[in-house]
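Visitor: So the sequence lines, in the order shown, correspond to chains A and B.
Residue numbering for the first sequence follows the numbering used here, beginning at 66 and increasing consecutively.
Residue numbering for the second sequence follows the numbering used here, beginning at 66 and increasing consecutively.
Calculated from the structure, these hints are not laboratory results.
Be careful, since some hints might not be right.
Claimed, not checked - Not everything, but these chain A residues come out facing chain B in the computed CB check (under 7 Å): (1) Ser161; (2) Phe473; (3) Gly542.
Note that the Cβ used here is the ideal one computed from N, Cα and C, for glycine as well.
Protein chains: 2
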Amino acid sequence: MTDLDELRRITAAAAAAAPVAAAAPDAERARWLRAVADRLDEHTDELVRIADSETRLGSTRLGGEVARTTGQLRLFADVITEGSYLEAIIDHADPSATPPKPDVRRVLHPVGPVAVFSASNFPFAFSVAGGDTASALAVGCPVVVKAHSGHLELSVRMAELVAEALTEAGAPAGMFALVTGREAGNALVADPHIKAVGFTGSVAGGRALFDIASSRPEPIPFYGELGSINPVVLTSAAVSARAEELAKGLTGSFTLGVGQFCTKPGVVFVPDGGGFEDAVAGAVAGAAGGPLLTDRIAEAFPRGLQSLASDPDVTVVAGPVEQDAAAEGAQPVVLATTARAVRERPDTLLEEVFGPTTLLIRYGSEEELLGALAEVPGSLTATLHAEADDDVASIVGALRERAGRVVFGGWPTGVAVNWAQHHGGPYPATTSLFTSVGATAARRFQRPVAYQSAPAAHLPPALQDDNPLGIPRRVDGVIVLP
Amino acid sequence: MTDLDELRRITAAAAAAAPVAAAAPDAERARWLRAVADRLDEHTDELVRIADSETRLGSTRLGGEVARTTGQLRLFADVITEGSYLEAIIDHADPSATPPKPDVRRVLHPVGPVAVFSASNFPFAFSVAGGDTASALAVGCPVVVKAHSGHLELSVRMAELVAEALTEAGAPAGMFALVTGREAGNALVADPHIKAVGFTGSVAGGRALFDIASSRPEPIPFYGELGSINPVVLTSAAVSARAEELAKGLTGSFTLGVGQFCTKPGVVFVPDGGGFEDAVAGAVAGAAGGPLLTDRIAEAFPRGLQSLASDPDVTVVAGPVEQDAAAEGAQPVVLATTARAVRERPDTLLEEVFGPTTLLIRYGSEEELLGALAEVPGSLTATLHAEADDDVASIVGALRERAGRVVFGGWPTGVAVNWAQHHGGPYPATTSLFTSVGATAARRFQRPVAYQSAPAAHLPPALQDDNPLGIPRRVDGVIVLP
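The shape of chain A in the complex, shown without the other chains (with noise of 0.2 Å):
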């Protein structure tokens, strides 16, 4: 555990690396991810073997998330590289205007030290040199990660090797610390030297951590992934044609990294006496459950699932309400219940449960769908499955509300990490209204600075006539590429 002394010299070294960070070129910075990328792709092996030990996850996915986790540090490097992540404005002064407009120029400024929670369950995606870390390190912030005490020792080999490849890459010092603890993580987000939060987890220790951010005598942005039921809506037509097709998929889906993803699919609308739940008893029939990450989550899945079993318009489709998650792995659930019971009962019934198990809903009419919809909490993701002449445009329009991302005809748990991607939406899903994943996460930890009538010397390059930068800028409203 870090204890408090520890911390406040932690947190001032990250004040004392802002500013040398905020002034390195982005080719320097952009050397430093490469370079944290590069340690942790060789340590690959290493590492997958100490995540296994503490997360079960197994090597193969545990190896795919490494390189995730690579490609996304490379991604910002890229992005920095690029440019436009500076959102460099230029107007240049009118003194025939009515007032005369001075030159005002602007541009994007790291905010200065970056607290980062990691997540249980993408041990290096979300995690220490996760996507929060490695947008915050883009754009010139100094990070300091409260470690996830369900993979302790990986977080603290983790931050060796960031550590090491960012001092070798020519980092100052104090870009990067590790801390662990609850009380630490508290301190951290109440510290003055932290000036925006990253963090994925659960919507309590979430809503917990935004409240101290919030209530600061200076209030700093909390970017919080807390948590997400991603409804996935089934017209009739879909399941008339390929019900088999789709109970695989959705199976496939709801049990991936046993059931822990965030976009996981835990509500599914499926069209009253449509089949459907046969085609998903079958498909569930031939799908393995297993060990989860942390005893809280094992003890928490069975009683999740019970309370909602006990719900007297809850049936079970397949598999064993009650189960020993803890001792035997976690086996699949499905549950169903109907739309009417939703909307009378939806803080019940809508309640997330961390695991391989989704509800579905049956629905009869698409009033009674969009009805049960609007009582969805904000989500990752949304789902549609329908065939091309249904007309869907109310339920897309549904969906769009509830979610930051609109999935059609696949399943939500892959995230793609690249320029397009949105992964945030409405509370509870976030805190903001950011994504933390993609090359839009790096607007988090930036603050606009705006240059009236400087003189080019002390223009930072972004915003110089010559775009020494090569970046693309506006420039008296109209974008200008290099």
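With chain A fixed as given, assemble chain B onto it according to the hints.
Guide: Frame of chain A, contents of chain B only:
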């Protein structure tokens, strides 16, 4: 006063208007904004008359402010027509990648109904049809304005004109409404239909509303501009070269609008013994005071002066600390202290005093200057007057850390409305990383949505392959201009 039943009807109507406004083409919303601007221009004389009777700011200033306000509405019409504000990003599928990458396309959608709190000091530009309203309407968000009690008659008349113009231009019912009274304002921020808040006002009032927004079951972004003391630094060389010119410029700036600008220079770092105080005393002798906006402000002004002047290290440079601003109008006052005193008692000496006053802070060395500057709370602006061969790199760095706009060789009170403007800054200047003036203010009221593998028919026009809107987009990582 709007009672709570009426408030609920208003926010429900706004929620009903939201999807209609979101679906309206940009060109149509641009027409709405221009219709409002035209209507206000037609009624300038009437509006200025009402505003002057309530604010006593004078018809010249108020007429200019109407022009600025309608210019702002038209700027946002241009911004949404240009289309970059949608931040459209398209990443085509890459089936050969490991893992295969789906087609992902991201665009910004309006967040939904927005609450806007008017300011006392800009009855047009930061009020009923000011920048917050313009930027929210522009992106398709219905707006509910909380009127400022300091210009209620004007607010009601403005709201009539805005609502009429919007209705005649074809905007949906519920797109715009006005509420009055503190209770309605608090309830507005807590209302579940409201998805974001724009605010300009005091630190105390703004923080109270920020706390309501942050403690909702579903927290919402609160874009507050609260308070700012706007430091100015004069170098020794600048004062040697042109003390009288600087004194005249400073006096014009801190007395503009009777010292009631958010960007008023509240503290001025002056070289010890450089003779600047005499120059200021001379300039202030010729400066006019005037009536303050409200009785509360008029009573607070001399109280603030007396509190500062009672400090043992504060001296009076010019003007009457004892004055009856409520009865006789406010008289300009300049006080002075030392950098050492500021470092010892920053909370007392750096408190914003609203009205025509500024505090000179004498510094001996750059070290002393930087030490005192580090105590300055986050501000909207920071200003430097230096000579060409001054070495001011450290000072510029310190100013940039404290403010959202760094002004070179000018005065901060003018705020150009353009693409590059940033009217924001570290807390308490603002509660967010966004501006409330200029084109990028629109981003406050938009949320990203990603569409994965969407059939063309379900993609918004901004994301369709043939780019029917003709807007700039990022396609497969590269910006493509129309």
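Visitor: Could you run down the list of hints and mark each one as holding or not?
Guide: The hints, checked one at a time:
{"no.": "1", "hint": "Ser161", "in the structure": "violated, 14 Å"}
{"no.": "2", "hint": "Phe473", "in the structure": "holds, 5 Å"}
{"no.": "3", "hint": "Gly542", "in the structure": "holds, 6 Å"}
Hint check: a violation occurs at hint 1 only; the rest are consistent with the structure.
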